[in-house]
Each structure stands twice: as structure tokens, then as C-alpha cells.
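Student: Residue numbers (the working numbering), protein chains in the order written: chain A, 1 to 275; chain B, 1 to 210; chain C, 1 to 208.
Derived from the structure by calculation, the hints contain no laboratory data.
Being a predicted model, the structure only gives us computed values, none of them experimental.
Below, in silico cross-link-like pairs of lysine-lysine (BS3-like), each with a Cα-Cα straight-line distance of 25 Å or less:
hint, chain 1, residue 1, chain 2, residue 2
1, A, 50, A, 85
2, B, 98, A, 115
3, A, 80, B, 98
4, A, 50, A, 80
5, A, 115, A, 80
6, A, 164, A, 50
7, C, 25, A, 13
8, A, 86, A, 50
9, B, 67, C, 25
10, A, 50, A, 115
11, A, 85, A, 115
12, A, 86, A, 164
Below, each chain spelled out in residue letters.
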Amino acid sequence: MGLPNALLNIDRKFIFAGVALSIAIPLLNPIGFGTSVTRQVQNVYDFVEKLEEGSTVILSFDYEPSTMAELDPMARTLLKHLFRKKARVLGMALLAGAPGIAESILQEEADAAEKEYGIEWVFLGYVPAPTAAMLRIGEDISMVYPTDQYGTLITEFPLMRSVKNYRDIDLVISLSSTAMPQFWAQYAHDRYGAPVAVGATAVEAIRMYPYHDSGQIVGFLGGLKGAAEYETLVGQPGEGIKGMDAQTIAHLFMVLMIVIGNVGHVIERRRGKSS
Amino acid sequence: MFRRTIPLIFAFVVGTFMVIQFFIPHPTFQAIYNGVLDWQQVIFGFVLVVGTLSMVRHHVIRIQRKKEGYRYSMVALLGLVSMVLAGIIGGIRGGPYKWMFDYIQMPAQSSMFSLLAFFVASASYRAFRARSVTATLLLVAGVIVMLGRVPAGEYIHVGGLSLTDISTWILDYPNTAAKRGILIGVGLGMTATALKIILGIETSYLGRGD
Amino acid sequence: MNLSGDIGIWVAAILTLAVFSFLWKDNPLFRLAEHILVGVSAGYYLVQYAYSAIYKKLYVPLFDQGNLLFIGCAILGLLVFTRLVPRKSWLSRYPIAFYVAAGAGYSIPSGLQTRVVKQMQTSMLNFLDQGSLWTNVSAFLLFVGVISVLLYFYFSAEHRGAFGFFSKIGIVFLMIGFGASFGYTVMSRITLLIGRLQFLMGEWLGFL
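If we strip away everything but chain A, and leave its shape as in the complex, we get:
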């Protein structure tokens, strides 16, 4: 068992322990890394910043608990900004596991900003068949959501009396762990002209670059880093900024493991050639 073998055969349980520690230690002892802001996040912020008082924004929770660690911080920081700008928020959900997450976050942020249900925000809830729902909102939102999530007819809410379709919507924000933002761009933006901004898990965010480049979306927040950037712009640190130290150290640990594996591989290959 020589050096290359030792480098190439690290027990996976040590790697697991390394991953856990590289996250746990920075959480216990924060370093306080700052984060720079990317163009994509800045564009979303600038768009929200320019919204006039009383603008109407759809915030669609298109994710389930599996990815809430990435998307919850985005939802919170976006809501803080929207409520501060006195925008009216229509919360909705296009995945069946999303309503439970959405109602907690919307309620908590609305309470913190002292916003009144039915006048400044409303939770329309979950509906099946996402693409059909996106298209139908373009004609008449009351046919997609005859009631809010809790069964009250939407005609009873003062907020909904002035909203018929995308023409009355100033921005659609999709928070998603799936391909849903691509469909929002396809149907809400390209067909009906509604501006679309995206908050996506890092896995999905990488697919947003072509849509941003073509102007089909206003901008996007990608993963926890995106949330941290937006929190920086809003000036209210949250879970995004708190998680950045752990994210950084864990990435460094991952790179270290990749380097160790490759060094072992190169040494082994050279020895193989010389023998």
C-alpha cells in the first residue's frame, strides 16, 4: 500500500465526516465572508426597486420541502423587499407540496411587515396542471383561482377586484426547484408579456443563463448564494448570508478531495508507465 493507494482509497465514512464537519464548524464559528453581487441578482433587485407603490406581484412557490434550504431564504428576502416597496403580493403554488411552505413564509413575513390579508396580500394556494394554469391566468385569474387556498371566493378580497390577468400584474416571480421558470418564461412572458423573475435552486439556475441573456426573464437568484446576494442588497441579513461561510468551507473541502483523488491518479499512472 503506497502513497497513491492511500490517496485513492480514503474510506467514504471519512469523507462523510469531513463534509459534515466542514459545514458544522463554520456554523458554530462564523467567519463572516462577504459576498459580491452578480448581474442577474442585481437586475431582479433593480426591477423590484422600481416598482411603484401598489404594484401587484405574483410570487409562485414552485418547490417542495426537499429544496427549502435553498429557496426559503429567497422567498423571505424577496417578500421583505416587496412589502417594503408596498407591493401587493399574490402567493400561489404549482406543486402540491408547496402550500405548507408558502403559507408559513407568507404569513410570517406579512405579520412582520404588518400587512393585511386580502388587501395587501393573499394566498391563492395550489392548483394542478401548471402550464394550463399559467396560460389561463393570461385570460382570467378568477377561473384558475375561484377561491383562495382556504375556500373564500376571491371576489371577496379587495386586492383581487383590480386583478384580472397578466395586464394587471407588474411582475411574476417563480421560486422553483424544477423546470417551472422556463414555462413561466414561455407562457407568462413570451405569450402574455408579463415580466418574469426567477429564484431557482443552483441545479436549475444554471439553465437560466440563456433565458436571462435573451431577455425572457428579468434576472435570477441562483441557490443560497443568490439569496445571500439579495439579502446583501436588501440590507437585512438572513439564512442566505448565515450559510455562506459553511458553503465556502464545504466547497474548499470538496475541491481538496478532488485534488487528492487526482494526485493519487497521476502518481499511479506515472508508476504504471515506468514499470
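Using the hints, position chains B and C against chain A.
Tutor: Leaving out everything else, chains B and C in the frame of chain A:
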């Protein structure tokens, strides 16, 4: 005929209408288009309900036949029945339905997915090797993005540029080119599949049998 | 350390640890947590599906708003249940054909416009009106990248000569793109674990 041919004709008529309505903003077309979208949402809701009931049937059969691990099926069914009863009796706003979501579904589902962090680390260590030029390109791009997208990247400089700058350029240009190429290919592929469905060439969605 | 006194937090913490026990090896505790999750999630979804599709989208329009057109979709919707009866399952083909064909229909024009026309248009026009020389070069590179990636995926001709050269350039772009995707995937997975550890060390154990 009623089992296969008529459903295919039905699909052709509905599909063709939904294509041409895009180009004809006539009120009648608009009204039918709206109706189709409304119906589509209700039908999909029923499909999801039936899909969940199929899962229930699967577990019931496992219990009836006492297949290996049938006790776990009993646990799954108990969880399902409890959640449904909680929703029906206590309502969906707060109460036991929300409690079970917050303290059972949310932690279990998010923990299940968080396991991937460990496995992606182990897999990268074992498989992410510079074996060829193309594999090296993938590796280098991956490492730059990994470091460039966290604050550490701002402190590491190569040739006067920070890793954050380099990763931003990679993401904005070569990555966008690759993703756009794939996106255009996917767009053409989706269109071809949609056409095959409308024309009755692709029929797998109808299931097997005549 | 300020251990939580909330029973819900304890249930969540035990479930989290049960799932993490899989890292040691597959074991009954993990499988128990797994099946609790399957059952509870299916129950949650079932209530949402039934409430949104049957109550909100069918009962309210039909009975509260008197929209009789919804009788048709109620019939089609009920036909989906024949899927559970093998002899009559062919009847479920009508609603499924309706759903699939309608989706296919509206996705054709808009899909082509969004994914093909707009993307090609941007690639072709962007490098003509950028600012500095560097951004112009980069935008031109993007254009070459898109074309070469598309050529790489064209399998109806042999990849030789100039065609082979460009398809090889396509591979270079694809590899850089996949590398970037890998970096983002790592980022995503690490965040999910950060979320769970924040919960265990913060809400449960009270360290944070």
C-alpha cells in the same frame, strides 16, 4: 374502435385546435381555448388523485400477500390515512394537517435530499479525474465554478483575475452557449414529440392493449 | 446548549437522524423513516389534489357559479377512475388523450418561439451590439459555441472535415457547460445539508 381509434381522433381534434388557436384571436376560438384549459386542470387533478390511489392499492396488495417488508407498507398506509383524516377533520389551515407537514414531511423529505451532499462528495473524489483533455476541461470548469461562486473565489487570483470573475465569464459565455445549444435541441425535440402525439404516431400515453 | 422543549422539533430531529443513519448502512430505522415519509407525503398530496381539483376547480364553478360547461369535464374527470378497473380502463384514454393532446397543441407554437426562435435570434444579434472589444469577442464566442454544439448533436452526417472540426469545438463547449453544471450541483447539495445541520444544531440543540 372506441378503445383506440376514437381516442386518437379525439386527441387529433383537440391538439390541432390548440395549435391553430394560437394564430386566430377570434372570440369563439378564445372561448373554446379557455374552456379547454379549465377542463385540462380538472382532469389533471383527477389523474393525480388516481395516481395516489394506485400507490395505495400497491401497498394494500403487498400487505394482503405478506410480501417481504409488508410491515413497512403498513407504516406507509398508516401515515397516509392519518394525514388524510387530519386534512378532512381538522381542515387544511393549521391543525394536525399542518403540524404533520411541518414536523414529519418537511424534515424527512429535506433530510432525504440532503444525503446527496455526502454522496456527491464521495463520488467526486472517486470519479472526477483528469483522464483525458475533455475530462480535464470538465474538471477545471467545475472547480472554478465551485470556488468562484462562493466568497472564497474573490480572494483567489489567477493572472490578475479573481476566480469569481473567471467563473462569471464561464457561466455567461461558454456555459450559456452549451445550455442554449441544448435548449434549442430540446425545443425541436419537444415540438417533434408534440406533433407525433397529435398525429397519432406517438401513442404510448394511451397505455398497452387495444 | 439550549435543548428544544417542543415535541414537534423532537419528532423532526429524530426523523432527521433516522434518515442520516443511512450513511452508516441501510437499516430498519431508515426504512421506517422512508415509509413514514412516503405515506405522509402521499396523504398530504391527496388532500391537496382533491381539494384543489374537485372542490376549487369543479364544485365551486359548477355549483357556486352555475357554470354548466363543467359537467363535461366532471364526466371526463370521473372516467380517469376507470384506470383502476382493468376491464374498463380503456375509458380513461378519453380524458388522458384530451389532457395530453391539449398540452401538446399549445406547446408547439410557443415552445418553438421560446426555445428555438428567441434563443437563435439572441445568439445572432447580441454580438453585434455589445460594448467593449472583450464583450464583443465573448459574444462572438457564444455564437460559435451555440452553432458548434448544435452541429455536435447533428447525427445524420459523419463528423469529418470542417463539420468534424466544429463538432469537436462543440464538445469543448459542452464539457465546460457540464463542468459548470457540476459546480452548481455541488453547491445545491451542500446547501441542503447546511439546512439540516442548521436545524439540528440550532432549533433542536440550541447551539446556534
